[in-house]
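Number of protein chains: 4
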Amino acid sequence: MREQIRCAVFGLGRLGYWHAENLAGKVKGAKLSVVVDPQEKIAEKVAHELGVQWSTSSQSILEDSEIDAVIIAVPTAFHADMIKLAAQHGKHIFVEKPLTQTLEEADEVIDVIRENGIFCQVGFMRRFDPAYAEAKRRIDAGDIGKPIYFKSISRDPGSPPAEFIQKSGGIFLDLSIHDYDLARFLMGAEVESVHAHGTVLLHPFMKECGDADQALAYLTFDSGAAGDVEGSRNAMYGYDIFTEVVGTEGSIRIGSLRHHDVQLLTDKGSVHDIVPHFPVRFKESYLLEMNHFIDCLRKEEKPSVTEIDGKKALEISMAAKISWKTGQRVHVGEKVKQTWRNES
Amino acid sequence: MREQIRCAVFGLGRLGYWHAENLAGKVKGAKLSVVVDPQEKIAEKVAHELGVQWSTSSQSILEDSEIDAVIIAVPTAFHADMIKLAAQHGKHIFVEKPLTQTLEEADEVIDVIRENGIFCQVGFMRRFDPAYAEAKRRIDAGDIGKPIYFKSISRDPGSPPAEFIQKSGGIFLDLSIHDYDLARFLMGAEVESVHAHGTVLLHPFMKECGDADQALAYLTFDSGAAGDVEGSRNAMYGYDIFTEVVGTEGSIRIGSLRHHDVQLLTDKGSVHDIVPHFPVRFKESYLLEMNHFIDCLRKEEKPSVTEIDGKKALEISMAAKISWKTGQRVHVGEKVKQTWRNES
Amino acid sequence: MREQIRCAVFGLGRLGYWHAENLAGKVKGAKLSVVVDPQEKIAEKVAHELGVQWSTSSQSILEDSEIDAVIIAVPTAFHADMIKLAAQHGKHIFVEKPLTQTLEEADEVIDVIRENGIFCQVGFMRRFDPAYAEAKRRIDAGDIGKPIYFKSISRDPGSPPAEFIQKSGGIFLDLSIHDYDLARFLMGAEVESVHAHGTVLLHPFMKECGDADQALAYLTFDSGAAGDVEGSRNAMYGYDIFTEVVGTEGSIRIGSLRHHDVQLLTDKGSVHDIVPHFPVRFKESYLLEMNHFIDCLRKEEKPSVTEIDGKKALEISMAAKISWKTGQRVHVGEKVKQTWRNES
Amino acid sequence: MREQIRCAVFGLGRLGYWHAENLAGKVKGAKLSVVVDPQEKIAEKVAHELGVQWSTSSQSILEDSEIDAVIIAVPTAFHADMIKLAAQHGKHIFVEKPLTQTLEEADEVIDVIRENGIFCQVGFMRRFDPAYAEAKRRIDAGDIGKPIYFKSISRDPGSPPAEFIQKSGGIFLDLSIHDYDLARFLMGAEVESVHAHGTVLLHPFMKECGDADQALAYLTFDSGAAGDVEGSRNAMYGYDIFTEVVGTEGSIRIGSLRHHDVQLLTDKGSVHDIVPHFPVRFKESYLLEMNHFIDCLRKEEKPSVTEIDGKKALEISMAAKISWKTGQRVHVGEKVKQTWRNES
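Residue numbers (this note's numbering), protein chains in the order written: chain P, 1 to 344; chain W, 1 to 344; chain C, 1 to 344; chain V, 1 to 344.
Only chain P is shown next, with the shape it has when bound in the complex (with noise of 0.2 Å):
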């Protein structure tokens, strides 16, 4: 076992600082060296925070040798060619989802990492929530019987701006990609086909994005299976994730609406507050994931989550995009690619 990862981490958004923050002092046998963003200010900032390191050089950072790892969470339009430089290297990855904006360069990116002989995960981190990992356990534990049907909400409490949109790839790829991730983990089987509906309820600009705030699709899977996935922008409630997996002797449900352990009783009723937005939810899955990561690269194991995960989710999610559009049922794989190729 290797005492310790040397880690930088590219992109200082969000996403970035929290795994640079991770990295930093809370994860086990990871050492953050380095923190690289284009925009010398804020990469100035977090290094200085953190006590690493900084830099503007993706070049110069993945020549050096004393790094053993990096963490991708720059803009996906980089994803690809971050993965394959990152690859060539011979650093091992972990890249934010998707994994990249094409099925073309999801190939590409599969193939250099598989002749570099890597390791690369992909951030799907609900994997890692204790409640989904749970859940996962006791289905493998056969507490359920066979999974027959998946049913999976996300909605988030309200739309980002159009600016984001726009670039976001659209409901089904942004949104939904977690719950069709979850649907092959879950049940441990391959979706086959999607058929995908969805409107503007609530952001009248989604229109003219292309895109919809409200959207659901029905998933056939390999195993005999269906499952439904709706994705909403219109939860001014809250942040409402939630998954059921029934199976053909019970079902399991994994989430809840719940924020504070807290009820307040009064005359109108019993209230108590709800999650309000993604971090509250899933912050902790952040740093589980990031020490599932460093644990492999210690154990030099593969991870339970990889590019190959990245790619089957990229499907399912262009597929239900395409569906949508053509109101057409679409199945999933090499056809998928090709339409879409016309497509676009």
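Honestly, the hints are just simulated from the structure, not real lab data. Some hints could be false.
Copies of one chain are not kept apart here, so a pair can be met inside one copy or by any two copies together.
[Claimed, not checked] Straight-line C-alpha distance at most 27 Å; calculated DSSO-like pairs for lysine-lysine:
| no. | residue 1 | residue 2 |
| --- | --- | --- |
| 1 | 28 | 299 |
| 2 | 31 | 45 |
| 3 | 136 | 26 |
| 4 | 311 | 41 |
| 5 | 84 | 31 |
| 6 | 311 | 26 |
| 7 | 299 | 325 |
| 8 | 45 | 26 |
| 9 | 136 | 283 |
| 10 | 268 | 136 |
| 11 | 299 | 136 |
| 12 | 26 | 299 |
| 13 | 146 | 268 |
| 14 | 302 | 136 |
| 15 | 84 | 302 |
| 16 | 268 | 31 |
| 17 | 167 | 84 |
| 18 | 207 | 325 |
As the structure is a computational prediction, the values presented were derived from the model and not from experiment.
Given chain P's structure and the hints, the job is docking chains W, C and V onto it.
Quick look at chains W, C and V alone, frame taken from chain P:
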């Protein structure tokens, strides 16, 4: 206000028996005069138990001027004829859902009811369930803003036998029709289109019946709202009824799996039991809807859920069934009727 | 099995009216013959509404050989006399709690009941509440091992007026007596000693009445178990009834604050309404206890909760009251009776 | 604001280790310089793991001018001496509860702390738990009106071994002291009197130790409020921590038994797992209280929970113990101290 409404119950299956039992002593202002069933033994037994007259002849009872209202709980195939006869004899009508077997029949009975100036209530008892009624009050009071998304789940704890399924009209008609009625009731809008999906997950015989045991319908409303309705025969853990209306300012959720208000804590966890089947969940609603029916007749007012609602729910159910069979989105209304004609 | 039990209800306050209403149509095998109240207007009104006879004379009704059973819902001060009279006339008795005002009276009525060989059920309706009944079943089935601690809370949403409090016997007798009965019922053991505390928190007039609006009693049982019972008139948020039995292998909890199964989600949190007062929580239990009473009479079996239970609960209540007044631990039983005699 | 607080941790049992771990990387502005334990092996192991110095000599570390603050997590018997020494050397102090073993010692350390002008925080970590902190905010905001009743339960999932119990000070001191501190914190009032009860229900060896495994204390406050606190070693189902403050306009409840946000539904019911032991429930609170301590030292502000609070909670605990032993109500304050002197 009329002192007393004299009633006859036609059909003494489970629901007919409940209606008779309620009218025999629990509904203020009602007098159960006679129970009618083609099986003499059953009619006699129920009559004896409830202390009322019995008959095997619908005709003679309909001609009896001492009867003010009839409760029709016979098989759906006989609904249309019996409604027409009862209306022609000037009897007010309570009829179990679905109103009729076909939309043509629905149109016919609507005409006859109008021509004879009698009142007709359709047995959508969930509207009278205290939780749904309270939710309706709150939505109307503006507690969630404007309704924008409807989400409903009806899961049975297993399937009825094949012989029932064959005559049931299928999952969209037999099971989800309650949710389609709730959709109209709670959203305050009409369903415009349905796109339905379904499959067989647990009960292989469904395939031979041309039915599904798992169904999902995506709905759009004339208000611009949308929604989805899941129907299932696969909830091996109990009877699971849940409805949500998301609004522009909040959301309202109706239903609970909890049966007894008892919680057992052991080192295996905290357990409460689950509503096992529909009588546990909804028996009170049958009494409440009958109270409404009798109350309306005494005040000579129109019931809040009529034959028109019966037809509307039927239209949505049929649109869902056709959508599932054809894989296409189906608009609710005239077109549906025609497509249905063509198909059958 | 007897076909029908002919009943008379004495006292047409809220509970008396409920009993009459239940017996008039909702209890199988019961026939409400007559309602009795000293106020002619009330008796006549209820009789008219329920379609039965009425009277202002208890004596004449007790002498009527057409009456099998009487329901005593008159003020507690008259319980002892009326029970004795009814027993002497061979009527079976259902009497509201508390059985009598004093333990001497309790002993007297127990004797008279035994001598006349009639059945007497005391109105501890919580035992018939489906949740408490289910808890009892599970405790008896060994689901929590051996019961070792009893914890119960009864909180009223405010106080009755001073004039009621003055005649009520005080919080330990009027309110907590239900919990003391449940303690014996659920623990399967007798209460040996009580140490009670109390104070006035919200209703200053209680002090003039010599009563408390907040009470706590620590109990020990002859099985070695212990427990505590809180009574309160200060729950401004609603009617809060909760009971727990801790066992050697787990714990069981009965009760829920939730009124409608409706959850409202807004940016202020998740709200459900709270049971507002006891009819909402326990009205069904009054029907269920009456079903049991009539059912026992028809089968000529002893009810499950008798005058002996009535006396036992009274003993505990009085011990609690004395303990509170004296600041000392009080043993339940013979001594209590004497202390009580001395004090009063 | 000071850049960095250099800390030494004394005592490397479970809590001492947690404090060291937190200070080593998770508390902003803290530097863990050295860990101290009389057992060389333990000190060395922890020091190696956390990358800091170690020592077996408290004296030399207290004399080290490079140390700003000490964390005292040694056995309670040594608290008084170590606090005095640390204060005399000008070190700021974080000390685990209880502050000292006796009230005389408490008075002595309070004097020494005042004379040396250093800050002292006592480890009542529940105050920093997000749920308790939120409840405090809401109470202070007037959400429940004026607090009138305090109800708290602390149940351990079994008992520590006899050797621990013998040195623990007993259930009122070891277990309920957290609730007594919360009583003062949440009620915003001082406890005036205690009447305590207790017994042995599950762990016979407790009798030999002169301790109880089940305890109940009835409290009165100088604001006129009242309350009760249950302590138990008998919760075989898990770690059960619950607190309620009833106010004139509502009530607030803190705590939940639920561990994972996972619900398993089968035909046996709906199950969720239960918090198994205190680290699961409160580990985060240890980090949060340490953040507060370091933050206060950096800003040169007094911590929100000091040696005075440590003494007050100790007084209530001792009053409870004496009350239990004597069967009498005990006033908190001067008298208690004397009674305690006499008894011991």
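Between copies, within a copy, both or neither: which fits residue 26 and residue 299 at Cα up to 27 Å? both (18 Å within a copy, 24 Å between copies)
Treating 27 Å as the Cα threshold, decide for residue 146 and residue 268: within, between, both or neither. between (43 Å within a copy, 17 Å between copies)
Status of residue 136 relative to residue 299 across identical chains (alpha carbons, at most 27 Å): within (23 Å within a copy, 45 Å between copies)
Checking an output row: residue 136 and residue 283, CA cutoff 27 Å. Within, between, both or neither? both (20 Å within a copy, 24 Å between copies)
For the identical chains here, do residue 167 and residue 84 meet the 27 Å Cα criterion within one copy, between copies, both, or neither? within (22 Å within a copy, 61 Å between copies)
Are the CA atoms of residue 268 and residue 136 at most 27 Å apart within a copy, between copies, both, or neither? Answer is between: at 18 Å across copies they meet the 27 Å cutoff, but 39 Å inside does not.
How would you label the pair residue 84, residue 302 (within, between, both, or neither) given a Cα cut-off of 27 Å? Close inside one copy (18 Å), not across copies (53 Å); limit 27 Å.
Using 27 Å as the alpha-carbon threshold, which applies to residue 28 and residue 299: within, between, both, or neither? Answer is within: at 13 Å inside a copy they meet the 27 Å cutoff, but 30 Å across does not.
At most 27 Å between CA atoms: does that hold for residue 31 and residue 45 within a copy, between copies, both, or neither? both (18 Å within a copy, 20 Å between copies)
Please work out whether the CA atoms of residue 84 and residue 31 approach to 27 Å or closer within one copy, between two copies, in both situations, or in neither? within (23 Å within a copy, 39 Å between copies)
How do residue 268 and residue 31 come out at 27 Å by Cα distance, when the copy is not named: within, between, both, or neither? Neither: 52 Å inside a chain and 40 Å across chains, both beyond 27 Å.
Check residue 207 against residue 325 for me: Cα-Cα at most 27 Å, and say if that holds within a copy, between copies, both or neither. This pair counts as within: shortest intra-copy Cα distance 12 Å, inter-copy 31 Å.
The structure fails to meet hints 4, 6, 7 and 16 from the earlier list, while all remaining hints are met.
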